[in-house]
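Trainee: In case you want the letters, here they are:
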Amino acid sequence: MKITEKDVRYIAALANLELDPDEVRRYAADLDSILDYVVKLNQLDTSDVEPMAQVLYDAPADFALRDDAARPGLPEELALRNAPESAARYFKVAKVIER
Amino acid sequence: MSFDVSRWTIADVRQALSTRSASAREICAATLTRIRDENEKNNSLITVMKDRAMEQAGTIDRQIAAGDPAGPLMGVPLIVKDVIQVQGVRNTCASRILGNFISPYTATAVERLEQAGAVVVGKANCDEFAMGSSNENSAFGAVRNPCDLERVPGGSSGGSAAAVAAGMSIVALGSDTGGSVRQPASFCGVVGLMPTYGRVSRFGLVAFASSLDHIGPMGRSVRDVAAVLGAMSGRDLHDSTSAGVPVPDYETQLDAPAQGLRVGIPKEYFAEGLTSEVRSRIEAGLGLLREMGCETVEISMPHTEYAVACYYIIATAEASANLARYDGVRYGSRSAHSETLAELYRNTRREGFGDEVKRRIMLGTYVLSAGYYDAYYRKAQKVRSLIASDFSSAFEKVDFIVTPTSPTPAFRIGEKTDNPLHMYLSDIYTITGSLAGIPGISVPCGTVPNPAGAANGASAAASGAASGAASGLPVGMQIFAPHFEETRLLALAHQFEKAGGFTVGQ
Numbered sequence: 001m002k003i004t005e006k007d008v009r010y011i012a013a014l015a016n017l018e019l020d021p022d023e024v025r026r027y028a029a030d031l032d033s034i035l036d037y038v039v040k041l042n043q044l045d046t047s048d049v050e051p052m053a054q055v056l057y058d059a060p061a062d063f064a065l066r067d068d069a070a071r072p073g074l075p076e077e078l079a080l081r082n083a084p085e086s087a088a089r090y091f092k093v094a095k096v097i098e099r
Numbered sequence: 001m002s003f004d005v006s007r008w009t010i011a012d013v014r015q016a017l018s019t020r021s022a023s024a025r026e027i028c029a030a031t032l033t034r035i036r037d038e039n040e041k042n043n044s045l046i047t048v049m050k051d052r053a054m055e056q057a058g059t060i061d062r063q064i065a066a067g068d069p070a071g072p073l074m075g076v077p078l079i080v081k082d083v084i085q086v087q088g089v090r091n092t093c094a095s096r097i098l099g100n101f102i103s104p105y106t107a108t109a110v111e112r113l114e115q116a117g118a119v120v121v122g123k124a125n126c127d128e129f130a131m132g133s134s135n136e137n138s139a140f141g142a143v144r145n146p147c148d149l150e151r152v153p154g155g156s157s158g159g160s161a162a163a164v165a166a167g168m169s170i171v172a173l174g175s176d177t178g179g180s181v182r183q184p185a186s187f188c189g190v191v192g193l194m195p196t197y198g199r200v201s202r203f204g205l206v207a208f209a210s211s212l213d214h215i216g217p218m219g220r221s222v223r224d225v226a227a228v229l230g231a232m233s234g235r236d237l238h239d240s241t242s243a244g245v246p247v248p249d250y251e252t253q254l255d256a257p258a259q260g261l262r263v264g265i266p267k268e269y270f271a272e273g274l275t276s277e278v279r280s281r282i283e284a285g286l287g288l289l290r291e292m293g294c295e296t297v298e299i300s301m302p303h304t305e306y307a308v309a310c311y312y313i314i315a316t317a318e319a320s321a322n323l324a325r326y327d328g329v330r331y332g333s334r335s336a337h338s339e340t341l342a343e344l345y346r347n348t349r350r351e352g353f354g355d356e357v358k359r360r361i362m363l364g365t366y367v368l369s370a371g372y373y374d375a376y377y378r379k380a381q382k383v384r385s386l387i388a389s390d391f392s393s394a395f396e397k398v399d400f401i402v403t404p405t406s407p408t409p410a411f412r413i414g415e416k417t418d419n420p421l422h423m424y425l426s427d428i429y430t431i432t433g434s435l436a437g438i439p440g441i442s443v444p445c446g447t448v449p450n451p452a453g454a455a456n457g458a459s460a461a462a463s464g465a466a467s468g469a470a471s472g473l474p475v476g477m478q479i480f481a482p483h484f485e486e487t488r489l490l491a492l493a494h495q496f497e498k499a500g501g502f503t504v505g506q
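Protein chains in written order, with our numbering: chain A, 1 to 99; chain B, 1 to 506.
FYI, nobody ran anything at the bench for these hints, they're computed from the structure.
Don't take every hint at face value.
If you want the footprint, here are the derived chain A segments under chain B, 3+ residues with CB under 8 Å [claimed, not checked]:
#1 9-20
#2 23-30
#3 63-75
#4 80-87
No experiment lies behind these values; they were computed from the predicted model shown.
Yeah, the Cβ is synthetic: ideal placement off N, Cα and C, and Gly gets one too.
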């Protein structure tokens with residue numbers, strides 16, 4: 001086992017996921033078998049290979065840039081319409097600062 | 001007036017509207033009737049947009065009556081995968097966490113299709129956040145394959161594929177990150193295209209893995225897929241990765257001759273794992289290509305076996321970042337059981353996400369976490385370069401690459417749900433092209449016998465699918481072309497379809 005249940009709880013905290021003990025056991029086993037499979041990439045010598053972050057094609061250097069001009073954004077009312085809780089034109093959340 | 005539009009093509013709609021033998025409203029109403037009858041069998045739609053669709057069809061009828069210039073898709077029914085936004089309509093991503101989300105804007109691809117006259121009739125079921133290969137990971141229930149209701153339609157765009165196969169729409173949009181348009185097209189016996197990365201704007205497509213996500217069209221013929229691609233492609237200022245490459249008229253160039261084209265057959269795609277029945281169908285397809293005048297050449301793509309591992313690192317890493325936004329604050333569901341903000345995040349995500357989505361967020365978070373970034377994520381990006389260079393080297397020698405779309409035909413519901421890795425391997429032939437960003441299409445290549453055909457085939461016959469599908473399971477053949485060569489790709493696929501006569505319902 002490369003992945004322990006402690007690792008799974010650590011990753012879950014990083015990912016803001018609450019897991020129950022059964023999920024911790026299952027994900028430990030699943031991640032372990034998937035990681036066991038992906039180590040096959042180490043069979044390849046990639047010391048002289050550039051990483052590929054994006055599909056590239058020929059385009060002018062400034063292609064992705066638009067004019068720096070004001071444009072209408074999403075109207076406030078539409079932006080708030082899907083909020084689980086909102087008030088006074090803001091998203092409402094639980095208190096984060098203790099007095 | 002009631003008539004059967006379940007096998008119609010875009011050409012039939014154009015003909016009916018121009019001769020006034022049917023109105024856009026009548027075509028829309030007939031489509032909605034078909035949807036009502038079929039959706040309870042295959043569960044392919046999450047939302048049926050009855051009122052909005054009829055209203056839009058009415059607008060089109062008024063435009064025709066007023067003599068306005070006709071768009072290429074006037075009155076054509078369209079189904080949109082429920083990860084692609086349509087303003088004012090619920091967009092769930094097949095997830096509990098977005099169960100009540102109403103899209104505040106329309107995706108560029110859909111907006112362009114609507115401008116061309118298409119009528120969106122429904123939002124298609126899929127795997128949650130497009131993560132899956134069988135459409136079993138949906139908070140709205142599994143989709144069933146119209147060719148055999150006990151089998152999966154493939155995924156993640158399983159609802160789009162099943163709906164087109166069952167005649168609930170003429171065309172549909174899916175999204176393809178590792179095979180999610182091509183593999184379900186193969187399982188349901190329809191045509192599915194993943195365009196070149198950047199060909200179609202991703203604005204309004206809910207992000208799964210941004211460097212791999214594509215919107216792709218599905219239909220019952222290559223010609224219909226070409227018409228949809230042409231109407232939605234091109235540069236969009238809302239997506240900086242959309243390409244400024246000119247958009248050709250794909251539809252009028254489908255008859256380019258296949259004579260003398262060189263087709264590469266990568267030996268790695270015909271190795272262990274490919275079932276013998278699918279192999280023999282694809283070999284028959286290759287024979288047909290030779291009869292059409294193509295020359296087939298064996299080639300080698302040595303990094304193929306590393307593609308699934310490479311993909312599941314890159315895609316999950318990007319997903320873990322993209323799905324961080326679902327936290328119960330700005331949109332989506334919110335857990336009712338939280339005292340603090342940190343609890344609200346964690347409980348919202350626990351209650352809102354399904355099992356596979358959590359598994360991929362966990363894997364993606366792990367491969368990006370301190371100490372593992374270089375070993376996994378950066379390593380995978382380097383291997384991605386090697387896989388892409390396999391393709392660029394191959395395309396120096398051949399015009400196209402032909403492979404099976406999937407190693408098996410549609411499998412049974414529940415057959416692979418216990419083993420995530422086993423499920424991932426069903427995308428083994430499609431993932432390579434996704435990593436390289438090249439266009440790939442799955443075209444029907446006949447059927448293989450269905451062991452349960454006698455028992456379950458009756459449902460397919462009753463749903464109006466062709467007799468071939470009732471007794472067998474569809475097999476798709478995949479064709480890859482170099483970046484932005486969709487014109488030639490669609491032409492070859494169209495010639496193949498014409499020569500083989502395999503497409504369901506034709």
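Trainee: How does the coverage statement for the segment 9-20 of chain A fare against chain B, requiring three or more residues with Cβ below 8 Å from a Cβ of that chain?
Mentor: Coverage by chain B holds here, the residue count being 8 at a Cβ distance below 8 Å.
Trainee: Is the listed coverage of the segment 23-30 of chain A by chain B valid when you require three or more residues with a beta carbon under 8 Å from a beta carbon of that chain?
Mentor: Result for this restraint: holds, n = 3.
Trainee: Closer than 8 Å Cβ to Cβ for three or more residues is the test here. Does the segment 63-75 of chain A pass it with chain B?
Mentor: holds (count 4)
Trainee: Verify the coverage statement for the segment 80-87 of chain A against chain B, using a C-beta to C-beta distance below 8 Å and requiring 3 or more qualifying residues.
Mentor: holds (count 5)
In this structure, none of the earlier numbered hints is contradicted; all agree with it.
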